[in-house]
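Participant: Input sequences plus hints: build the corresponding full structure.
One letter stands for each residue in the lines below.
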Amino acid sequence: MFKIVKREEMSQGTVVLNEIAAPLIAKKAKPGQFVILKANETGERIPLTMAYTDAQKGIIAVIYQVVGKSTALFKTLKVGEGYQDAIGPLGKATHIEKLGKVVCVGGGTGVAVLHPITRGMKEAGNHVTAVIGARTKDLLILEDFMRAASHELHVCTDDGSYGRHGFVTHALKDILDKEKINLVVAIGPVPMMKFVSKLTKEYNVPTMVSLNPIMVDGTGMCGGCRVSVGGKTKFACVDGPEFDGHQVDFDELMLRLQAYCEDEKACHNEFCRMEEMGRK
Amino acid sequence: MAVETAAKEKKQKKERVRMPEQAPKVRARNFIEVPTGYTPEMAKEEASRCLQCKNPGCVDGCPVGIDIPGFIKLILEGNFTQSIRHIWKQNSLPAVCGRVCPQESQCEGKCILAKKGEPVAIGNLERFAADWERANGTGALPPTAPATGKRIAVVGAGPAGLTVAGDLIQKGHDVSVFEAFHKPGGVLLYGIPEFRLPKDIVAQEVNFLERLGVKVECNAVVGRTVSLDELFEEGYQAIFLGLGAGLPKFMNIPGENLVGVLSANEYLTRANLMKAYLFPKVDTPIPRGKDVVVLGGGNVAMDSARTALRLGADRVRLVYRRSRDEMPARAAEAHHAEEEGIEFFLLTNPTRYIGNEKGRLTGMECIKMELGEPDASGRRRPVPVKGSEIELPCDLCIVAVGTGANPLLTSSTPDLKINKWGYIEADPKTGKTLKKGVWAGGDIVTGSATVILAMGAGRNAANSIHDYLMRGW
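Going line by line, the protein sequences match chains C and S.
One gets the numbering used here by counting positions in the first sequence from 1 and adding 13 to each.
Take the second sequence: its position 424, counted from the start at 1, is 408 in the numbering used here, and no numbers get skipped.
Take these hints with a grain of salt, some might be off.
Result set (DSSO-like, lysine-lysine): computed pairs, CA atoms no more than 27 Å apart in a straight line [as the list claims (entries may be wrong)]:
#1 C:247 x S:401
#2 C:245 x S:342
#3 S:413 x S:134
#4 C:16 x C:41
#5 S:404 x C:245
#6 C:43 x C:105
#7 C:40 x S:420
#8 C:211 x C:193
#9 S:199 x S:134
#10 C:43 x C:19
#11 S:233 x C:105
#12 C:105 x S:167
#13 C:245 x C:105
#14 S:73 x C:41
#15 S:342 x C:207
#16 S:73 x S:413
#17 S:265 x C:278
#18 C:16 x S:265
#19 C:247 x S:342
#20 C:91 x S:233
#21 C:16 x S:259
#22 C:88 x S:167
#23 C:211 x S:342
#24 C:278 x S:274
#25 C:186 x C:211
#26 S:265 x C:247
#27 S:73 x S:134
#28 C:41 x S:167
#29 S:167 x S:233
#30 S:199 x C:16
#31 S:233 x C:245
#32 S:199 x C:41
#33 C:105 x S:401
#34 S:73 x S:9
#35 S:265 x C:105
#36 C:41 x C:111
Derived from the structure by calculation, the hints contain no laboratory data.
As the structure is a computational prediction, the values presented were derived from the model and not from experiment.
Facilitator: Structure (structure tokens):
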């Protein structure tokens, strides 16, 4: 078993952080890579990009949003309990190098994945501006971490309850208008990555996105995670998860993410009903 | 002489004992194993058909050289316990091989009885011996050699890796198997469906190896979690790579990324490893197509088609670009599939997938083919017939047109030499690679083949590893 050593709820309990004891994975993991977690015997294999790792303590951290049955099940796991299976590190690590000026844009739990990349970019000698956003103030995560990891931080909320009123793309546009940027890293919900990439294309700024499509094995075997990049089919698990945002077919990705939508909804509702009954 | 001939003639007249199986209409809707197995009486009756040839062709036909007349004789004598022990000397996975080997082109194909009638049902008898041991055996293990203190890492818990592990543990070595999935078995687990190879049989075969002392570490992606050089640093003296050919091939035709188009690897892994046919009792979903098309003509295509039927499809069509004669599937599988109602669309090739505005598959366009001149494989090359396009409506398409080499390990291990298809270069006799102390065998060397060929490669590599450990590279 892979024990949970620390657990924290964020975003009004819709987002959960787990630090998990997985020394072999922690030893090897690099920013941008993911793990596959499976809670129990009947559980699903869920890929999650790691938020941070500590090789010395032998821990990896994931931050996930509760969206379906599997993540709802993850949420029930307490400190001292754990995952039956943890596999990784998988995927290619982020290519971190000194480029000059880098903007890191994150939305939702994407901020968790963005954080180690932001820090890595800063440590590599880049001037790093971070832009993070959420629907509303209470859903923002890792603001302090992102502030520490970057040179300057812009915070946006869709409803204006905190920071700048508007989408991350608005803040990004202002930055792009002001100065020459060498790279944009965008990680978050697919529509966010799509619109960031659309914007940066106009400014001709290279843009890297991190994708999280449906997958089973995470080692190149199933092909469930295929995405169209520059008109070619790529497997996100082994060719990615990071790709050139200007080449990714985001519309196709959004449709593919809906593949099991109805099954998942039914499964999740049933799980919530059982949980509710358990509580009563 | 005359007496012997007469005896042979008498034996030949005995008909092959059919293994009982579930009726096609019944089994097409459940995941329970199709053939239900011989009773001891049936096994003895079938064993009595064996002529006990002095120079048996069957043994030559077996990639791992099982003493077939030997174990059949023991069955005939009712000594089932010794029979399975006799098989174990050459084969650590008999319950698997009895079920999934292509016997018609191996042992049974070379049986003398096959010349005039039906061969001895060697596969069925092997299965019987293994099943009998599982149900009634004492659990007594075969003897192992004294410990040598040598440590071997086996990468991949599929048929090749398990064979290496079984052979080397019996020779007294310390063996650890590293498996990327969360359960051992490789293709036996994720690829071959429950109705053809029950998963508790795979688990028991692995458990047999564990009882012999083999250590199995799951969730270990060698090349990611740990590298080959790190395994050597940890004290392993030899490494066997039985990675399998895991990369699914697609058709590369328009529409392939529509929702509803899956590789057979994904479809079968969901169904078999993740047991998604039990969804929502398990958490992994699987698309339940009503109108299903399967592309390909091999065993994997048959497995996919039959799985689709069991998941509630109204209609399953198998689209294969060559003719029935060229189909690579085991005869029994194609036969079972047809019996269950799978429709074969032969000499037909897909040209594009058709989808709706939600990005979901609604059909596919195919073109009729005719056979032209033989190609490099010696099979007549199918060529499209102009203007013969047809449209097949479907809501699920499973692509079972083969697999390629998975580059996950080889790309992170530059001193392993690979060929132009990405398969590892290894000596065909010993499995030795060009990296010192590393052997490879099975699909990652040959490309997709059969369970028993992978086991044969494992056997050869195990012998070579043993020589190396005792004598040097």
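Participant: So, for every hint listed, does it hold in this structure?
Facilitator: These are the hints, each one checked on the structure:
1. Proximity of residue 247 of chain C to residue 401 of chain S is assessed by CA-CA distance (about 24 Å); at most 27 Å being required, the pair is judged to hold.
2. Restraint check for residue 245 of chain C and residue 342 of chain S: satisfied, since their Cα atoms lie roughly 21 Å apart, inside the 27 Å limit.
3. For the given pair, residue 413 of chain S sits about 23 Å from residue 134 of chain S by alpha-carbon distance, which is consistent with the 27 Å threshold.
4. Restraint check: the Cα-Cα separation between residue 16 of chain C and residue 41 of chain C comes to about 18 Å, which is no more than 27 Å; the hinted pair holds.
5. A distance of roughly 21 Å separates the Cα atoms of residue 404 of chain S and residue 245 of chain C; the hinted pair therefore holds under the 27 Å criterion.
6. Note on residue 43 of chain C and residue 105 of chain C: the hinted pairing holds, with a Cα-Cα distance of about 9 Å set against a maximum of 27 Å.
7. Annotation: proposed proximity of residue 40 of chain C to residue 420 of chain S holds, straight-line Cα distance about 26 Å (limit 27 Å).
8. Between residue 211 of chain C and residue 193 of chain C the CA atoms are separated by roughly 17 Å; this keeps the pair inside 27 Å, and the hint holds.
9. With a CA separation close to 14 Å, the supplied pair residue 199 of chain S and residue 134 of chain S stays within the 27 Å bound.
10. Annotation: proposed proximity of residue 43 of chain C to residue 19 of chain C holds, straight-line Cα distance about 20 Å (limit 27 Å).
11. Of the pairs offered as hints, the one joining residue 233 of chain S and residue 105 of chain C holds, with about 21 Å between alpha carbons and a cut-off of 27 Å not exceeded.
12. Pair hint residue 105 of chain C plus residue 167 of chain S holds up; C-alpha atoms about 24 Å apart against a cutoff of 27 Å.
13. This hinted pair checks out: residue 245 of chain C and residue 105 of chain C have alpha carbons roughly 18 Å apart, not beyond 27 Å.
14. Between the alpha carbons of residue 73 of chain S and residue 41 of chain C the distance comes to roughly 40 Å, so the proposed pair goes past 27 Å and is violated.
15. Our distance criterion of 27 Å between C-alpha atoms is met by residue 342 of chain S and residue 207 of chain C, whose separation comes to about 18 Å.
16. Only pairs whose Cα atoms come within 27 Å are accepted, and residue 73 of chain S paired with residue 413 of chain S is accepted, the gap being roughly 20 Å.
17. Simply put, residue 265 of chain S and residue 278 of chain C have alpha-carbon atoms about 14 Å apart, close enough for the 27 Å limit, and the pair holds.
18. Distance hint between residue 16 of chain C and residue 265 of chain S is fulfilled; the C-alpha atoms sit about 25 Å from each other, no more than 27 Å.
19. For the hint pairing residue 247 of chain C with residue 342 of chain S, the CA-to-CA distance comes to about 21 Å; that is within 27 Å, so the pair holds.
20. For the suggested pair residue 91 of chain C and residue 233 of chain S, the alpha carbons sit about 41 Å apart, so the restraint of at most 27 Å is broken.
21. Under the criterion of a C-alpha separation no larger than 27 Å, the hint pairing residue 16 of chain C with residue 259 of chain S is consistent with the structure, at around 25 Å.
22. Distance restraint check for residue 88 of chain C and residue 167 of chain S: the Cα-Cα separation of roughly 24 Å lies within the 27 Å cut-off, and the hinted pair is therefore satisfied.
23. Straight-line distance between C-alpha atoms of residue 211 of chain C and residue 342 of chain S comes to about 22 Å, which keeps the hinted pair within the 27 Å bound.
24. A hinted pair counts as satisfied when its Cα atoms are at most 27 Å apart, and residue 278 of chain C with residue 274 of chain S qualifies at roughly 21 Å.
25. As the CA atoms of residue 186 of chain C and residue 211 of chain C are separated by approximately 11 Å, the hinted pair is consistent with the 27 Å bound.
26. In summary, the hint linking residue 265 of chain S to residue 247 of chain C is not supported, as the alpha carbons are separated by about 32 Å, beyond the 27 Å threshold.
27. Simply put, residue 73 of chain S and residue 134 of chain S have alpha-carbon atoms about 21 Å apart, close enough for the 27 Å limit, and the pair holds.
28. With a C-alpha separation of about 22 Å, the suggested pairing of residue 41 of chain C with residue 167 of chain S holds against the 27 Å cut-off.
29. For the suggested pair residue 167 of chain S and residue 233 of chain S, the alpha carbons sit about 24 Å apart, so the restraint of at most 27 Å is met.
30. The suggested pairing of residue 199 of chain S with residue 16 of chain C holds, with an alpha-carbon distance near 22 Å, which does not exceed 27 Å.
31. Between residue 233 of chain S and residue 245 of chain C the alpha-carbon distance is near 14 Å, which keeps this suggested pair within the 27 Å criterion.
32. Straight-line distance between C-alpha atoms of residue 199 of chain S and residue 41 of chain C comes to about 23 Å, which keeps the hinted pair within the 27 Å bound.
33. Distance hint between residue 105 of chain C and residue 401 of chain S is fulfilled; the C-alpha atoms sit about 22 Å from each other, no more than 27 Å.
34. Pair hint residue 73 of chain S plus residue 9 of chain S does not hold up; C-alpha atoms about 39 Å apart against a cutoff of 27 Å.
35. Straight-line distance between C-alpha atoms of residue 265 of chain S and residue 105 of chain C comes to about 34 Å, which puts the hinted pair past the 27 Å bound.
36. Among the hinted pairs, residue 41 of chain C with residue 111 of chain C is consistent with the structure: their alpha-carbon atoms are about 22 Å apart, no more than 27 Å.
When the structure is compared with the earlier hints, violations turn up for hints 14, 20, 26, 34, 35 and for no others.
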